[in-house]
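Protein chains: 2
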Amino acid sequence: MWLIEGTPALFTDLYELTMAQVYYRKGMAGSAYFEVTVRHLPQNWGFFVMAGLPELWSYLDRFRFSDDDIAYLRSTELFEPDFLVNLRDFRPDVTVRALPEGTVFFPGEPILEVGGPILATQLLESYVLNILGFSIIEASLATRMVLAAGGVPLLEFGMRRAQGPVASIRAARAAQMAGWKATSNVFAARCLGMPPSGTMAHSFIQAHTSQEQAFREFAAIYRDKAILLVDTYDTIEGVKTAARVACEFLERGVRLRGIRLDSGHLVADSRFARDHFRQQGLDFLRIFASGDLDEFKIHDLLAAGGQFDGFGVGTHFAVSRHAPSISIVYKLAQYDDRPSHKTSPDKATLPGRKTLLRTGSSQFAKDTVCPLDPSAHDLLRPLQSVEPIETVQERVRRQIVALPESVKAIRKPASYPVEFVGFPGA
Amino acid sequence: MWLIEGTPALFTDLYELTMAQVYYRKGMAGSAYFEVTVRHLPQNWGFFVMAGLPELWSYLDRFRFSDDDIAYLRSTELFEPDFLVNLRDFRPDVTVRALPEGTVFFPGEPILEVGGPILATQLLESYVLNILGFSIIEASLATRMVLAAGGVPLLEFGMRRAQGPVASIRAARAAQMAGWKATSNVFAARCLGMPPSGTMAHSFIQAHTSQEQAFREFAAIYRDKAILLVDTYDTIEGVKTAARVACEFLERGVRLRGIRLDSGHLVADSRFARDHFRQQGLDFLRIFASGDLDEFKIHDLLAAGGQFDGFGVGTHFAVSRHAPSISIVYKLAQYDDRPSHKTSPDKATLPGRKTLLRTGSSQFAKDTVCPLDPSAHDLLRPLQSVEPIETVQERVRRQIVALPESVKAIRKPASYPVEFVGFPGA
Chain A
552 MWLIEGTPAL FTDLYELTMA QVYYRKGMAG SAYFEVTVRH LPQNWGFFVM
602 AGLPELWSYL DRFRFSDDDI AYLRSTELFE PDFLVNLRDF RPDVTVRALP
652 EGTVFFPGEP ILEVGGPILA TQLLESYVLN ILGFSIIEAS LATRMVLAAG
702 GVPLLEFGMR RAQGPVASIR AARAAQMAGW KATSNVFAAR CLGMPPSGTM
752 AHSFIQAHTS QEQAFREFAA IYRDKAILLV DTYDTIEGVK TAARVACEFL
802 ERGVRLRGIR LDSGHLVADS RFARDHFRQQ GLDFLRIFAS GDLDEFKIHD
852 LLAAGGQFDG FGVGTHFAVS RHAPSISIVY KLAQYDDRPS HKTSPDKATL
902 PGRKTLLRTG SSQFAKDTVC PLDPSAHDLL RPLQSVEPIE TVQERVRRQI
952 VALPESVKAI RKPASYPVEF VGFPGA
Chain B
552 MWLIEGTPAL FTDLYELTMA QVYYRKGMAG SAYFEVTVRH LPQNWGFFVM
602 AGLPELWSYL DRFRFSDDDI AYLRSTELFE PDFLVNLRDF RPDVTVRALP
652 EGTVFFPGEP ILEVGGPILA TQLLESYVLN ILGFSIIEAS LATRMVLAAG
702 GVPLLEFGMR RAQGPVASIR AARAAQMAGW KATSNVFAAR CLGMPPSGTM
752 AHSFIQAHTS QEQAFREFAA IYRDKAILLV DTYDTIEGVK TAARVACEFL
802 ERGVRLRGIR LDSGHLVADS RFARDHFRQQ GLDFLRIFAS GDLDEFKIHD
852 LLAAGGQFDG FGVGTHFAVS RHAPSISIVY KLAQYDDRPS HKTSPDKATL
902 PGRKTLLRTG SSQFAKDTVC PLDPSAHDLL RPLQSVEPIE TVQERVRRQI
952 VALPESVKAI RKPASYPVEF VGFPGA
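Just so you know, the protein sequences line up as chains A and B, in that order.
Mapping of the first sequence onto my numbering: residues 552 to 977, in sequence order.
Mapping of the second sequence onto my numbering: residues 552 to 977, in sequence order.
Among the hints, a few may not be true.
Footprint (simulated), chain A over chain B, 3 or more residues, beta carbon under 8 Å [claimed, not checked]: (1) 561 to 572; (2) 764 to 777; (3) 927 to 938; (4) 961 to 969.
Worth flagging that the hints you see were computed from the coordinates, not collected in a lab.
Note that CB positions come from ideal geometry on N, CA and C, so glycine has one too.
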């Protein structure tokens with residue numbers, strides 16, 4: 552869906568291919584089950600939110616090696632001709648079990664399982680982690696920001712600072728999952744069916760001979776959609792100028808949409824703007840804030856009595872500045888009916904395929920990870936299609952309601968209890 | 552070159568397009584000059600390294616709106632038909648001046664200038680920042696890691712944790728610029744003409760009935776390229792097993808390449824491995840380390856006497872974990888022959904087009920930013936083609952030699968002096 556031009560199969564680490572050749576040459580055709588888990592929560596995070604499945608679906612669907620890919624692999628002199636012929640016809644014949652998107656989860660829990668011939672399941676490792684890792688980071692962070700904003704709408708403004716274009720779409724989709732209202736990223740808006748949104752840049756004001764003229768030109772075209780950026784020079788003067796222009800348009804029956812504060816003392820300036828707009832009969836003007844916002848600042852701006860009708864969140868969200876990576880891993884749980892695990896210090900894993908159970912309904916009480924039990928009400932479900940975004944949004948909403956308040960805190964959340972039961976030595 | 556499928560023009564923030572429509576409707580056709588700068592250095596960084604120009608070149612070359620793009624924009628009900636017709640034929644008719652890739656630079660300095668009709672120069676803002684921002688982060692960080700590794704080769708292993716596929720290629724190219732030896736990312740290796748590299752995963756060991764058998768199977772196929780991963784169970788046992796297998800192959804005239812340590816006590820384990828290999832007549836075996844390495848750990852591992860012949864660096868590099876974003880901005884410096892700047896608190900800019908001068912040759916002594924001076928030896932040069940990677944690599948090497956030691960320190964570097972001369976009020 553949002554892939555780089557060409558086939559995606561070379562988006563992998565070389566070792567996946569060199570290991571695959573050994574499996575092929577040695578005829579190791581047994582079934583393998585790989586399990587994806589995240590080892591630790593970032594500081595101040597109480598939960599993760601599952602995401603990335605539509606992109607995974609598209610990746611599996613399009614996975615193949617082109618003739619050019621094969622020619623490149625031949626040129627590395629690492630691969631035998633018969634293996635390359637086999638790769639040319641290769642399709643990832645795997646089954647996937649996964650937590651549905653929008654499900655909250657915790658460290659150590661199985662969140663996705665890929666089963667099938669070891670050659671196929673191994674080859675998918677690198678890009679499955681690439682897709683899921685950042686999608687989960689962004690869905691979790693988008694949800695944290697919703698919790699911090701306490702009902703004030705959020706707008707996704709991070710494209711320019713995202714680490715890449717696909718990263719920016721992953722971020723926008725995560726925002727959409729968590730119920731953000733819009734994105735400034737036009738490409739993402741089109742891909743996702745999300746409303747595009749934006750105001751104006753400082754350069755727009757600077758390109759006019761006066762701020763007032765700039766506001767007037769913009770308002771004349773965008774009318775009830777016009778949001779005026781007021782901090783290019785002096786913010787208080789900017790607010791007053793915006794109010795004058797809004798009054799002019801109101802006389803002609805046009806209600807401008809509002810203003811944006813992008814720097815300075817956001818709490819004081821927003822309160823000044825709210826009071827000033829009331830005095831001028833402009834109560835309808837909305838006040839948007841932006842400028843290096845994260846979930847902590849959003850929480851604190853509101854707690855300090857700031858007057859905001861929306862937050863535009865850019866850099867901190869787009870790269871997950873406080874937690875730009877997570878310890879997501881893809882580990883072999885079972886091969887050829889033999890449970891498998893590693894015992895490296897600090898990186899040990901539990902053997903065998905697994906089931907994830909959650910106790911509690913209106914409020915989640917406890918999770919239990921146990922050996923695979925087909926008769927149990929397992930949170931991992933076969934991945935058989937892509938869900939509509941509305942289904943995922945509704946799931947996020949319900950899950951967040953059911954998550955204990957103490958686990959939802961954006962600072963120093965409580966640990967949610969997860970038990971590992973029925974494993975040798977656990 | 553590494554773009555998403557389809558045309559890149561919609562990879563922008565909505566406001567670039569809404570502002571463009573005002574410029575179009577009002578006939579604002581004056582020339583604009585936008586300037587890219589980075590406001591601040593991340594903590595512990597002493598310098599930036601310029602990067603991203605080939606991707607920028609490709610973006611400008613391919614920039615156009617497809618019929619589908621235009622149809623989408625029409626559906627937003629924000630744009631008039633005549634403006635959309637104009638966009639359909641739009642090409643970014645701009646001139647670019649830039650620091651050559653690999654040039655070191657400092658906060659506040661002009662690093663790229665885009666000149667042309669304001670409609671065109673404004674439209675490019677968002678994606679120019681997206682390209683340059685992460686490319687500069689990665690080139691700077693790759694260079695810091697080279698400084699930390701003091702001659703020990705570096706391998707780029709970060710694809711699985713990168714925030715997106717294009718981000719992973721930007722990272723690999725930055726590593727290539729700074730002289731890293733190889734990347735595990737097969738797609739990036741092919742795009743960049745960089746050697747692909749890799750070892751084996753823990754799952755490979757686990758899929759065999761014994762570690763020794765796994766090593767033997769792998770060594771039989773990859774011989775002098777085989778690197779054995781020794782920490783799946785007990786690292787010391789792993790080292791001894793690797794040595795046994797290496798001895799067997801040596802008897803048959805095959806020298807395996809080495810081992811990889813991915814967890815545990817890297818200094819102690821590497822010293823044990825070096826001693827053990829010497830005792831066994833296996834001095835040729837190289838010792839590679841990986842596992843959550845950053846420039847600080849690399850420096851400290853070497854300072855503590857670790858025995859390493861290469862470092863595989865993944866997550867910390869791929870997302871620039873300590874500095875996942877930088878304060879890169881694209882600001883209007885001049886419009887229609889009128890110098891322009893903003894005066895927002897903490898975000899003020901200096902007016903007018905600029906020249907960047909550097910004093911000192913064998914050792915850089917001081918930079919000076921002054922109003923545009925066509926007769927000066929300006930570090931900003933017209934962007935007219937893409938340089939060969941070897942030219943860029945050589946520039947990085949020379950620049951790093953000329954940079955004062957105190958500015959190159961990876962912890963608490965000194966500030967490099969930059970003067971702003973000839974601006975009103977500066």
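How the hints compare with the structure:
1. Counting residues of the stretch 561 to 572 of chain B whose CB lies closer than 8 Å to any CB of chain A gives 11, so the stated coverage by that chain holds, three being the minimum.
2. For the stretch 764 to 777 of chain B, the proposed coverage by chain A is satisfied: 5 residues have a C-beta within less than 8 Å of a C-beta in that chain, meeting the threshold of three.
3. With 0 residues having a Cβ less than 8 Å from any Cβ of chain A, the stretch 927 to 938 of chain B misses the three-residue criterion, and the hint is violated.
4. Evaluation of the coverage hint for the stretch 961 to 969 of chain B: breached, as 0 residues show C-beta separations to chain A shorter than 8 Å, against a requirement of three.
Taken one by one, the earlier hints fail for this structure at numbers 3, 4, listed in ascending order.
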